Structure formats: C-alpha cells, structure tokens
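Residues in the sequence shown are numbered consecutively from 754, following my numbering.
Quick caveat, the hints were computed from the structure, so don't treat them as lab data.
A hint or two may mislead.
[As the list claims (entries may be wrong)] Listed next, the in silico SDA-like pairs over lysine to any residue satisfying Cα-Cα at most 25 Å (straight line):
hint, residue 1, residue 2
1, Lys1144, Ala1121
2, Lys1144, Tyr1126
3, Lys1144, Leu1129
4, Lys1144, Pro1095
5, Lys1144, Leu1127
6, Lys1144, Leu1133
7, Lys1144, Ala1161
8, Lys1144, Arg1157
9, Lys1144, Arg1102
10, Lys1144, Trp1132
11, Lys1144, Pro1158
12, Lys1144, Leu1134
[What the hints assert, rightly or not] Distance ranges between label pairs, derived from CB positions:
hint, residue 1, residue 2, range
13, Thr977, Trp938, 36 to 42 Å
14, Leu772, Val1067, 29 to 35 Å
15, Gly827, Phe1109, 34 to 40 Å
16, Ala874, Thr976, 48 to 54 Å
17, Leu1129, Pro775, 54 to 60 Å
18, Leu768, Tyr991, 52 to 58 Å
Being a predicted model, the structure only gives us computed values, none of them experimental.
Each residue gets a CB set at the ideal place from its N, CA and C atoms; glycine is no exception.
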Amino acid sequence: MNPELRRNFWLELTLHRLLALPGAFALLFVLIRVLAGEDAPSALSTTAALIFIVFTAIWGGIQAGESVLGELRGRTWDGQRLSALDPWAMTWGKLVGAPAFGWYGGAMCIVLYVVLSPEPARLAYAGLMLTGAVLLHSLALIGGITAARRNLMRTSASGWMLGALFLIVSPFASFILSGDSDVMWWGVGRPRIDFWLGSCAVFAAWSVFGAHRLMCQELRVRTTPWAWLAFLLFVAAYIAGFGIRASDSFAQQANVLLIAGLIVSLSATYPLLLTEATGAMVVRRVVLRARARDWRRALQETPLWPVTLLLGFVFCALTVLFAGQRGGERALFGAVVLAPVPLFLLVTRDVLLYMFFAFARQPRRAEAATLFYLMLLYWLLPMLLHAWGAKNIAELVLPPFWERPGQA
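Starting from the given sequences, assemble the full structure and let the hints guide the process.
This is the structure in structure tokens:
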C-alpha cells in the first residue's frame, strides 16, 4: 500500500473513532426519527445530506489542505519531499488519507441518503455530492501546497475552503435548484442534474490532476506547462458553451470561443502572478537555458504566468483578426473587436508593476504593494478624477477599453 496513505489511515482511523462515530450517528438519526414522525424518511435523508456536506466535504477538505501545512509547521515536509515517494503517490496519500475519517462518516451518510430519499434523482444528487467533495478536497490540497510554497505556515486551509465553497459549490447549487428546465450548452439542451453532475466530475478530475502537477513541482519533478494550457483551453470552451445558440454559425461560435479564451487567460494571469515564485533568480535560470537553446528545460523553469499571458496575447490577436459583428440582441459583441488590445495592455501593465516590486532589493512585500497600487489605479484615482471633472486624465489612468477601445 501507498506508505503515505497507510500512515494517514493509522492517524485518522483509530479504533476509538471507528466505534464512536457510528454510535453518535445512530443516536442522532434515532432522535430525528422520533421527532419527525411520518416525515422521517425525508428528514433523515436531508440530515444525512447536510452531515455529508459539512462533515465530509467541508471538514474533510480542511483536513486535506492541512495535510501539507501541518507537515510544514511540524518541520517534516522537507523530509517527505526527500523521500522515495513519487508525486502521484504523495498526492493520493494526502488527498485520500488526510480526510479518511470524513469519508468514513460520509459513506454512512450517503448510503442513508440514497436509501431513504424520496427524490427520484437521488442517485444523481448523491453523485453530485461525492464529486463535489472530491473537488473541494483537491482544491484545498492545491491551496495548502500553494501556501506551503509561499511559506505561509500560519495560514489555515479553512480560508481556502470557504473561498472554494463560495465560488464552486454555491453556483452549482443555485443552478440545480432553479427549476427543471434543461441547461443550454453549445446550443444543445441537456438535463440539468446530469449536466452539473458531469461538470462537477470533470472539474474534480482536473483539480486532482492539478494537485498532482503542483506536487510534482514540490518534489522537484520537472514538468512542462502543457497541462495548464490544456486546462485553460478546456475552461474557455466550457464557458463559451453557455454563450452559444443553436442558430449560431461556425464563425459566430468561434467568436464566442475566442472571447472566452481571452477572458480566461487574462484572468488566470493574476492569481498565478501573485502565488508563483518570481524573481531575478527565476529569470536568470530561464535566460541561461534559452541561451543554451535547451528549450525544454527553459519551459520547465518558466513559471506559468508568462505562459498564460502569452496565451492571452494569442487570443487577443485572434479575436482582433477574426472576430466579426453579431447582430440582433447580441450586438454588444461588436465592441469586442478592438477591446482586447487595451485590455491585454492593461494586464501587461499590471504584470510589469508587479515585476518592478519583485526585482526590488527587498521583494518580500511585492504582492501587497502590487495589490495596493492596483486598487489605486482601478478604483480610487479614476473615481477621484471623475469627481473633480478631470475626465481626460481619468481615462489615462483607466482607459475606456470597452466604450472606446480605439481611444483606449
């Protein structure tokens, strides 16, 4: 068995826990059965679902994120990185072993939900809860690894979990609960629960793979950025599917896909820029490999944010060259033909601002300084200048890339 997985099993699944948890669940469910009366099956299934979400998905996700940060605080992470475990074994050891107790309780809850729930699509909802838990666990593990790379030993994974819960689970739940109509995706209607179950499963698989790639970097296993580029292209195609109608031509579908790719790539540049290691030594290693024409090693040494920004430039050029007008109710897309250029230049300005602080003599506060000046440039200064009536100066600080892209 995987040594890391076995170690976490020994730590999490003690005899006391294995015996106490079923007893506690039995007492709770008996109490609900007595109080609910004739509505006991519905009440029990709802309670089981809530316990699974809180106990398995959220608390188990916190344990998955803390699996790396706890090792870092205990000064055992360096020893694990030097072990003979490969990245995939280490990833699964953390992802499955750390929240093992949560999955132990969740297995009982999910079985009770499937058996007692009066919902016709209970199997699909159970699958959605399971894949959602895997998604949250892997996102928490990614957050823990990222915090460990930034030496944020005092940071708890609960903050990452709350962000993941709000950004990922809440939109899915709102779509699922908002009626029985089909979800229109790429011009084709799909059953709502089936579509979101499939989406959650695919994104959970991507998230697990992303945790594995980050673990490769932590264990100093060299990788090239093809997986990240593939993920960005997938997200662009996924988002574009919601803006495409069945009556759209191939050219119109390509326009929406290009716009989605531009937005996704430029948006992904910021979190990568603020979380990856960027400095003079990183640039020097990449330049040395490029001068030696060792392009594969240069790609392995390159952070992901320059690759993401380069992909944004490609989408920017393709959008300007090939995006056409869309008439009717979606005439708004006509403004996008030139808008990508100033939008890309704004992102480039923000990147250069961060690089200015990252190459300083004391670059430890580069992220905070960058965020401070971005707040000034995007919010405070434009609002203040508009309040003073200095509209032309305000548009120099924040160009109107959407209203007047040529001028911007």
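Do the hints match the structure? See the list:
{"no.": "1", "hint": "Lys1144 - Ala1121", "result": "29 Å, violated"}
{"no.": "2", "hint": "Lys1144 - Tyr1126", "result": "20 Å, holds"}
{"no.": "3", "hint": "Lys1144 - Leu1129", "result": "16 Å, holds"}
{"no.": "4", "hint": "Lys1144 - Pro1095", "result": "18 Å, holds"}
{"no.": "5", "hint": "Lys1144 - Leu1127", "result": "19 Å, holds"}
{"no.": "6", "hint": "Lys1144 - Leu1133", "result": "14 Å, holds"}
{"no.": "7", "hint": "Lys1144 - Ala1161", "result": "13 Å, holds"}
{"no.": "8", "hint": "Lys1144 - Arg1157", "result": "14 Å, holds"}
{"no.": "9", "hint": "Lys1144 - Arg1102", "result": "21 Å, holds"}
{"no.": "10", "hint": "Lys1144 - Trp1132", "result": "14 Å, holds"}
{"no.": "11", "hint": "Lys1144 - Pro1158", "result": "16 Å, holds"}
{"no.": "12", "hint": "Lys1144 - Leu1134", "result": "11 Å, holds"}
{"no.": "13", "hint": "Thr977 - Trp938: 36 to 42 Å", "result": "31 Å, violated"}
{"no.": "14", "hint": "Leu772 - Val1067: 29 to 35 Å", "result": "58 Å, violated"}
{"no.": "15", "hint": "Gly827 - Phe1109: 34 to 40 Å", "result": "37 Å, holds"}
{"no.": "16", "hint": "Ala874 - Thr976: 48 to 54 Å", "result": "39 Å, violated"}
{"no.": "17", "hint": "Leu1129 - Pro775: 54 to 60 Å", "result": "56 Å, holds"}
{"no.": "18", "hint": "Leu768 - Tyr991: 52 to 58 Å", "result": "45 Å, violated"}
This entry does not satisfy hints 1, 13, 14, 16 and 18, going by the numbered hints stated previously.
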